[in-house]
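Enquirer: What follows is the residue order along each chain.
There are 2 protein chains.
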Amino acid sequence: MSRKQMVRPGGRSARVQASVHAAVRELLSEVGRDALTVPLVAERAGVTPSTIYRRWGDLQELLSDVAVEHLRPDTSPEDHGDLRSDLTAWAEQFLDEMASSSGRAYIRDALLGDPDGGNAGQCSAYAAEQIDVILARAGDRGEHAPDVETTMDRLVAPLMYRILFRPAGLGAAYARRLVTEFLGAGGGGRPVTG
Amino acid sequence: MSRKQMVRPGGRSARVQASVHAAVRELLSEVGRDALTVPLVAERAGVTPSTIYRRWGDLQELLSDVAVEHLRPDTSPEDHGDLRSDLTAWAEQFLDEMASSSGRAYIRDALLGDPDGGNAGQCSAYAAEQIDVILARAGDRGEHAPDVETTMDRLVAPLMYRILFRPAGLGAAYARRLVTEFLGAGGGGRPVTG
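Those protein sequences? They're chains A and B, same order as listed.
Counting along the first sequence from 1, when you hit position 96 you're at 96 in the UniProt record's numbering, and nothing is skipped either side.
Counting along the second sequence from 1, when you hit position 97 you're at 97 in the UniProt record's numbering, and nothing is skipped either side.
Fair warning: there could be bad hints in the mix.
If you anchor each label on the Cβ, the simulated ranges turn out as follows [claimed, not checked]:
1) A:Asp116 x B:Gly57: 22 to 30 Å
2) A:Ser101 x B:Asp132: 26 to 34 Å
3) B:Glu78 x A:Asp79: 42 to 50 Å
4) A:Tyr126 x B:Pro39: 38 to 46 Å
5) B:Ser13 x A:Glu26: 37 to 45 Å
6) B:Thr37 x A:Asp34: 36 to 44 Å
7) A:Pro167 x B:Glu26: 29 to 37 Å
8) A:Ser101 x B:Glu129: 26 to 34 Å
9) B:Arg44 x A:Asp79: 58 to 66 Å
10) B:Ala173 x A:Ala35: 19 to 27 Å
11) A:Ser101 x B:Glu26: 32 to 40 Å
One side only, chain A facing chain B, incomplete, derived with CB under 7 Å [claimed, not checked]:
12) Leu112
13) Asp116
14) Ser124
15) Ala157
16) Phe165
17) Arg166
In short, the hints are calculated from the structure, not lab data.
Everything numeric in this text was worked out from a predicted model, so none of it was measured.
Beta carbons are placed, not taken as given, at the ideal position from N, Cα and C, and that holds for glycine.
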């Protein structure tokens, strides 16, 4: 075997993950979730089924990993110039993505094939990181900003709870109302001085 | 066939449901979730597997129905004399039950085998009904009471969100803090007059 053919385990491992994840995403849109099987994914990804079973345990855990990867934000929250606008835009977009039928399926997958809770925790960490960016930016502007955990309780939790359990009447107006009730009608987000 | 042997469909249907649900609960504690199969449940319940497939579709949907039944509160919230005490006691008990390993398993089951969202909605409706009893009682006492949906957002949603996604540090102190932040340090729950 030439030197070039010897790949680091990490390299091969990463390639297997990428091709298996891609196969799942393709097949989800082509054949749908109910028709998805480990042998089907393996064939599309060019690996053996046992590679998938060894690494992911079962289809549910694989779907959970793919879901978490899908739910990872790929950009920083947009800067709209003040805390209220930033939180409102973020909450509207979060609701829009998560409450879509594919968003809900991904959240359920992330929660489901996740015996140790790590994937659910990762979803929540993604939201917390985005909130943290928004709050830090507000602090830099001299705005009075709440802390991350309180923002999770007042904004992220009710959005996610209603998406999962109580979706009737959910929409951008609800997201805006949460922000208004959280920051106060004219309350939060004002400059600390001036 | 004698008159006595002719049972109404509703009666038989209810008996099948009761015996299948009981079989699931027994087997969950005896063999665990991973070893549970439809034929095993059918054998214990004294029905055919096809009876279960016809009625529930698959094991996941059956587990979801059993979970919702388990999550139904069997008593009214206790009356501790004022809104703050009632909400605090309810939130502590809700967290205690739902955050237990069996509680979390039931919530996940309720969410998962639930393609149309009806079972998740039912879980949320149970919580809303209990909150409604507490708030109506506060109103009867002449206390200023918030509305049910706001209470869902401020109390139930963060509890459930953290149970599912962000369980680190969850405990009775967190439940009490949510109530305090919601009602105000000495704010809500005071008599409207006097």
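Enquirer: Find the hints from earlier in the document that the structure breaks and name them by number, from lowest to highest.
Expert: Violated: hints 6, 10 and 13.
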